[in-house]
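Protein sequence lines, in the order shown, are assigned to chains A and B. Residue 21 in the working numbering sits at position 21 of the first sequence, with consecutive numbering throughout. Going from the second sequence to the working numbering is simple: count from 1 and add 1000.
Check before you lean on any hint, since a few could be wrong.
[Unchecked claim] Example chain B residues on the side facing chain A (calculated, C-beta under 8 Å, incomplete):
# : residue
1 : Tyr1180
2 : Val1226
3 : Gln1319
4 : Leu1328
5 : Tyr1332
6 : Arg1336
7 : Met1349
[To be verified] In silico DMTMM-like pairs for lysine to aspartate or glutamate, Cα to Cα no more than 25 Å straight-line:
#  : chain 1 : residue 1 : chain 2 : residue 2
8  : B       : Lys1325   : A       : Asp7
9  : B       : Lys1321   : A       : Asp22
10 : A       : Lys5      : B       : Asp1330
11 : B       : Lys1325   : A       : Asp22
12 : A       : Lys5      : B       : Asp1361
13 : A       : Lys5      : B       : Glu1343
14 : A       : Lys74     : B       : Glu1094
15 : B       : Lys1250   : B       : Asp1379
16 : A       : Lys9      : B       : Asp1330
Rather than coming from a laboratory, the hints here were simulated on the basis of the structure. For each residue, glycine too, the CB sits at the ideal point set by N, CA and C.
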Amino acid sequence: MSITKEDVKYIAALARIDVPEDKLEGFTKSLGGIVQYVEKLQELDVAHVKPTSHAVPVGNVLRPDIIKPSLTNKEALAIAVEAKDGSFKVPLVIE
Amino acid sequence: MSPHQLTSHALLDLFKSRQITPAEAYADVVNRIKTIDPKVKAYVHMAQGEPDFNGAIPVPIAIKDNLCTKGEEITCASRILKGFRSPYDAGVIEKVKKSGGAILGIVNMDEFAFGSSCETSCYGPTFNPWDLKCVPGGSSGGSAAAVAADEAMWALGSDTGGSIRQPASFCGIVGLKPTYGRVSRYGLIAFASSLDQIGPLTKDVRDCALLMNIISGYDDRDSTSVNEPVPDYTKALVNDVRGLKIGIPKEAFVDGLDPEVRRAVEDALNLLKKLGAVIKEVSLPHTPYAVATYYIVATAEASSNLARFDGVRYGLRVQPKSVRKNALVDMYEETRSQGFGDEAKRRIMLGTYALSSGYYDAYYLRGQKVRTLIKNDLDEVFKDCDVIMTPTSPTVAFKVGEKLSDPLSMYLSDIYTIPANLAGIPAISVPCGFAKSGLPIGLQLMGKAFDEEMLLRVSYTYEQNTEWHLKKPNL
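Generate the whole structure from the sequences, applying the supplied hints.
Below you can see the structure in the form of structure tokens.
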């Protein structure tokens, strides 16, 4: 399995990263090398192995639905790049 | 001896006998930072304001740049978080402050903890106090270098695949990755949520136990935090390994292991044997697959975790001049492209690839299944061993720039440390000698889940019978 420049462009678009033309070759090469390395996982027979998503087996962790003190609107927006009317402001999405 | 040269427990003794005040000790360490840090570059910035020293353990501490600390700029050494001043304290920071901990400043790391050398930081590299031409290891390279250079009494770091233990080894200090769930991750900026764990970097094993006492414990704000009782870890500091079983995986002593590192670890093994430990050769047959498994699982989780850095709420926002797709998508892409460094982009893309439609089963799902095999290997060995011993890293610290252009060779430097993260078990690195070049060597001990005490006991015994931890770099 090798990675092409087209693959990198596709993955970059999924990841919302813009890879300029002059960096495409480098990323294709380094990602290709790593993907080739992880191919070794295909050597193992894992047909009857259960996947581990978490080292410590924990189920759903629930808590009582009680309101606790948290950041105020003002405190939360103090870190905002841009804020308006108590909300985070973003560029216009729908014309 | 100046206060900054002491261990934290020695400094606490001086506080108790009123030979020095916490404020004087703090000023002494700050002065040390001013003198030495222009060479080492461990700190990214000093803390805002003076601490109040109000608590039982008012020891000066350095904090890794991914632990939210109220009022401080916390950036994960990434341009994308420039200007993010944390509005709250992480769980561990609350605990440190409650204990009286005096925060000195925020220390350097690889960008988003993506690296083993501290070179991918947007602030530039940190240098190894033992040889300024070498890396301090990573990703908690700033934490390790600060402690090794006496620029902090101790430090907090985080470990996803070896990020506490490998820099501790490279810098000749003690570093512990606790059991997954032992320490709250609330307020730790996530890299790979199923692997990340916060832990101490200290000058000796007693300090490690003391700092574990401060930071351990359940926190309902981290749903993966485990509600197990926290022992007094200093009680585990027993100078006795008689009858304890130490497993030595035969897979650990293979090609690629530096002969000097091998010899130092074998010497340590012989010493522990002389002190009464029982040495057992064991096998972890799936460890050769650990690095590949890790780079699937960790990057997949990272690509998802780092999706939140999009310029919408905090940190960097860049709006391109011309419209490409639409104003919002253009902003996401421009912000992320300018905000992330190349290694961060590479890992996000690798994780995105492993999770993408058509590749999920072949990569991510398979990686999780091999993770099970690696965990089973360890479970099997621990049925008849108290600890497993390996080198922490196959080599001593490498030169700055040496591995930066070859990501895969950088990834392979985590070969011994990754299995503990995949299995969620605790592991510690302790100094076990020096190479001819003068660079420190570390040995790793892995233990059963929630048995940090056994790791501390064996490392304490080793330390009490050696003098490696007393050596200081010549700066």
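Structure-based check of all given hints:
1. Tyr1180: holds (5 Å)
2. Val1226: Interface hint status for Val1226 (chain B): holds (6 Å vs cutoff 8 Å).
3. Gln1319: Holds. Min distance 7 Å.
4. Leu1328: With Cβ-Cβ at 5 Å, under 8 Å, it holds.
5. Tyr1332: Hint holds; Tyr1332 (chain B) Cβ to chain A Cβ min 5 Å, cut 8 Å.
6. Arg1336: holds (5 Å)
7. Met1349: holds (5 Å)
8. B:Lys1325 / A:Asp7: holds (20 Å)
9. B:Lys1321 / A:Asp22: holds (20 Å)
10. A:Lys5 / B:Asp1330: holds (21 Å)
11. B:Lys1325 / A:Asp22: holds (21 Å)
12. A:Lys5 / B:Asp1361: Between Lys5 (chain A) and Asp1361 (chain B) the Cα gap is close to 22 Å, so the pair holds against 25 Å.
13. A:Lys5 / B:Glu1343: holds (18 Å)
14. A:Lys74 / B:Glu1094: Holds. Lys74 (chain A) to Glu1094 (chain B) sits at ~22 Å (cutoff 25 Å).
15. B:Lys1250 / B:Asp1379: Given pair Lys1250 (chain B), Asp1379 (chain B) holds - Cα atoms ~16 Å apart, limit 25 Å.
16. A:Lys9 / B:Asp1330: The given pair, whose Cα atoms are some 16 Å apart, holds under the 25 Å limit.
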